[in-house]
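Heads up: the sequence shown begins at 12 in our numbering, then just goes up one per residue.
Don't take every hint at face value.
[To be verified] Think about it this way: if two alpha-carbon atoms lie no more than 20 Å apart in a straight line, the pair counts; the simulated PhoX-like pairs of lysine-lysine are:
1. Lys-36 - Lys-91
2. Lys-425 - Lys-567
3. Lys-517 - Lys-550
4. Lys-425 - Lys-343
5. Lys-310 - Lys-550
6. Lys-199 - Lys-188
7. Lys-180 - Lys-310
8. Lys-343 - Lys-333
9. Lys-601 - Lys-567
10. Lys-567 - Lys-517
11. Lys-517 - Lys-601
Think of the hints as simulated: they come from the structure by calculation, not from any bench.
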Amino acid sequence: MALDGIVTRSIVHELQAVVGGRINKIHQPSPNDIIIQLRSAGGTRRLLLSANPTYPRVQLTEQSFPNPMEAPMFCMLLRKHCEGGVIEAITQVGMERIIHFDVRQRDELGDVSQKRLVVELMGRHSNIILLDPATGTQLDGIHHVTPAISGYRVVMPGFSYTEPPQQHKLDPLSTNKENFLSAWKTAKEENQGPGWLVGTFSGLSPLIAEEVHFRAYGHLAGQQQDQNEQPSPDESPEQLWAAFEALMKDVRENRYSPVTGENAKGKSVFSAVRLTIIRGEVQTYDSISECMEDYFGEKALRDTVKQKTSDLLRFLQNERNKNIKKMSNLEKDLSEAEDAERYRIWGELMLPSLHSISKGDRSVDLVNYYDEDQKTETIPLDPLLTPSENAQRYFKKYNKFKNSLAVIDEQMGKTREEITYLEGLLQQLAYATLSDVDEIREELIQQGYLRDRAKKGKKKKKNDRPTLHVYTSSEGIEICVGKNNLQNEYVTNRLAGPNDTWLHTKDIPGSHVVIRSSDFGDPTLNEAAQLAAYFSQAKESSSVPVDCTLIRHVRKPSGAKPGFVIYDHQRTLFVTPDEKLIKSLPHTVKNG
12 MALDGIVTRS
22 IVHELQAVVG
32 GRINKIHQPS
42 PNDIIIQLRS
52 AGGTRRLLLS
62 ANPTYPRVQL
72 TEQSFPNPME
82 APMFCMLLRK
92 HCEGGVIEAI
102 TQVGMERIIH
112 FDVRQRDELG
122 DVSQKRLVVE
132 LMGRHSNIIL
142 LDPATGTQLD
152 GIHHVTPAIS
162 GYRVVMPGFS
172 YTEPPQQHKL
182 DPLSTNKENF
192 LSAWKTAKEE
202 NQGPGWLVGT
212 FSGLSPLIAE
222 EVHFRAYGHL
232 AGQQQDQNEQ
242 PSPDESPEQL
252 WAAFEALMKD
262 VRENRYSPVT
272 GENAKGKSVF
282 SAVRLTIIRG
292 EVQTYDSISE
302 CMEDYFGEKA
312 LRDTVKQKTS
322 DLLRFLQNER
332 NKNIKKMSNL
342 EKDLSEAEDA
352 ERYRIWGELM
362 LPSLHSISKG
372 DRSVDLVNYY
382 DEDQKTETIP
392 LDPLLTPSEN
402 AQRYFKKYNK
412 FKNSLAVIDE
422 QMGKTREEIT
432 YLEGLLQQLA
442 YATLSDVDEI
452 REELIQQGYL
462 RDRAKKGKKK
472 KKNDRPTLHV
482 YTSSEGIEIC
492 VGKNNLQNEY
502 VTNRLAGPND
512 TWLHTKDIPG
522 SHVVIRSSDF
532 GDPTLNEAAQ
542 LAAYFSQAKE
552 SSSVPVDCTL
562 IRHVRKPSGA
572 KPGFVIYDHQ
582 RTLFVTPDEK
592 LIKSLPHTVK
602 NG
C-alpha cells in the first residue's frame, strides 16, 4: 500500500500546525469517514479521518462533504466527548501507520476530561477508536471487531484497547551502517530477494524499497538475471546504505517533497519524499494533504459511492435492458402490423378462388388484381386448415394488426421515455455523492420502482429540499447544479427566478445548471456550460452542445417523470469539458 510509515510521519508533521486548535464540529458523511472542523491560529480547517478499507488516510481537506440528516452513533459519541475540546497532541506510534490525537475537553460540569482518538491506517483492518487514555478502555470504534472476528483483540465499548500486533522490525530512522549491513547480509544468506528492506525495517513500503534500490544502482530490484545471483562489484551494499541513509535523513529532518506519478509498470503512485523511479510527468505538491487530496479524493468517493449503489446500479441496468428488449419486440410487432394491408388483399384474393384450393395445400399462386401489373402472388397456406379457414385467418390478422398499430405506437413512445429516464438515472449515479444516492433511491421509491424498506411506524423527517451543489464562478456568481432528478426539479422549478439562466446538454442526459443572476459575463456563462457538459453523459467528449435559455422558457409537461422539462428560445454553446477548470471553481454542498 502506498500509505506507509513515512507518509504517516509526514502527515503528523504537517498536523502539528493544528495542535492547540479547538474542535468546532464533527460529522460522519460515510460509514468509514469522520470530518473534524478545527479552529486554530491558521484559521478554520477541515480534518479528514478515514478508515476506508481501500483508501485509509488522515489529511487536511478542502473537499465538501454532505452532512447526513441523522448522525451515526459513533459520530454522536465523538461529538459528546470531543466537540469543543482542544487537540493537545498529535503523535505517531513509532514508524507504524497509527496516529494518536489527544483531546482535552471540559464536560457539562466543568471538569476536564482527556480522550484519545486512535486512527489505525491498516488497509482492510483500518479503524478509528475513541478511548480513555487513563484506563485504556475503549468508548467505541467506527468498526467493531468482535471475538468471533478476531481472537487477538476486540474493538467494542468497554473492552481494553490492544494495539495491532507488533511486527518487531528495525526502526529505519535510528539504524546505523553496521546494523544495516548486518541485516543485508542476513537477507542474502536467507535468499530473501529484493523485498528484504520491507521485511526488515518498519514503515517502509515496496515503493520506498524500490526507490532506495534505484537511487543506489540505477535500476529496479529484481532486474538482474537472477535475484539470487551475487551483485556485481559496482552494486555493493555500501551503495545501498548510502542511498538508504540519504533518504532517511530527509525523513528524520522532516524534509518532504510530496509527488504523484506513474511507476515503471504504469501504476499511479504517490509519496511523501522525492521519487526518482517515476516515469513521465511528475506532479509536485506543497503539502502531503494536497497530494493525498489529489491522489485519493475522487477515487475514494467513487469507491464509497460504488459500494452504496451496487444494488441500485444492478436494478437500473436490468430495468433498462428489459425495456430495450421490449422496444425490440415492439419494433417487430410494428413491422408485422405494417403488413396488415397485405393480409387483407390475400384474404380477398382467396375468396373467389376457394374452389381451386384444397385442404393440405401449403401455398397457392393467384393473380393480384390490386396490382397494376397484375403479377401472380404466392400466398402461404396452413395445410391443417380448409381454404375458407385460411382466408378468414388472413382477415383476422388484418383486423388485429390494424387495431394494434395505435397501441404499438403508444407503447413505443412510453418505452422510449422509460429508457431515456433510466439512462439518465444511470448517468446521475456515475457522478453521485452519498447524499445524491439517497435522493435517487427516494425518487425510485416515490415513482414505484422500489419498495420503501423503512421500518413501519418510523416517521421520516419531512424535508422537501434536496442537497444543493453550489459553485461560484470566477465573477463571484452562484451556479447551482442538480446532480439527480430531485435536485434538478428543485433547482429549475422552485429555486430559480424567471430571469435566471438555465443550461443543459442538448439531447444528452445530464444535470440542470442554473446561473443565479441576470447580470453576468462570458466567463460565468462558459463555466456554467462547462459544468453542464462535465456532469453529463458526454463528460469524455469534445465540442459538447449545451443549450441555454431563461428559466421562464423552461417548463415541465403535465405527468412527466421527475427532471423532465421542455424549453424554447434557446441558443446552443459548444464546449469541451475541462476537469481542471471544474475543480478550480469554489464548491459548497448544502443539505436540505
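Practice task
For the pair supplied as a hint, Lys-425 and Lys-567, confirm whether the alpha-carbon distance does not exceed 20 Å.
Solution key: Holds. Lys-425 to Lys-567 sits at ~17 Å (cutoff 20 Å).
Problem - Given pair status - Lys-333, Lys-343, alpha carbons within 20 Å - result: holds, 16 Å
Practice task
Mind checking the alpha carbons of Lys-517 and Lys-550 for me, to see if they're no more than 20 Å apart?
Solution key: holds, 13 Å
Exercise for the section: Given the hint that Lys-180 pairs with Lys-310, test it: the Cα-Cα distance must not exceed 20 Å. Expected result: Violated, at roughly 32 Å.
Practice task
Measure nothing beyond the straight line between the CA atoms of Lys-199 and Lys-188; if it is 20 Å or shorter, mark the hint as holding.
Solution key: With a Cα-Cα distance of about 16 Å, the restraint between Lys-199 and Lys-188 holds, given a limit of 20 Å.
Problem - 20 Å limit on alpha-carbon distance, applied to hinted pair Lys-601 and Lys-567 - result: With a Cα-Cα distance of about 25 Å, the restraint between Lys-601 and Lys-567 is violated, given a limit of 20 Å.
Practice task
Decide if the proposed pair is consistent with the structure: Lys-310 and Lys-550, CA atoms, cutoff 20 Å inclusive.
Solution key: holds, 17 Å
Exercise for the section: Verify the proposed pairing of Lys-567 with Lys-517, using a straight-line Cα cut of 20 Å. Expected result: With Cα atoms ~16 Å apart, Lys-567 and Lys-517 stay inside 20 Å; holds.
Practice task
Verify the proposed pairing of Lys-517 with Lys-601, using a straight-line Cα cut of 20 Å.
Solution key: violated, 27 Å
Exercise for the section: Take a quick look at whether Lys-425 and Lys-343 sit within 20 Å of each other, Cα to Cα. Expected result: holds, 16 Å
Exercise for the section: Would you mind confirming whether the straight-line C-alpha gap from Lys-36 to Lys-91 stays at or under 20 Å? Expected result: Roughly 11 Å between the alpha carbons, so the hint for Lys-36 and Lys-91 holds.
When held up to the earlier numbered hints, the structure conflicts with 7, 9, 11 and fits the remainder.
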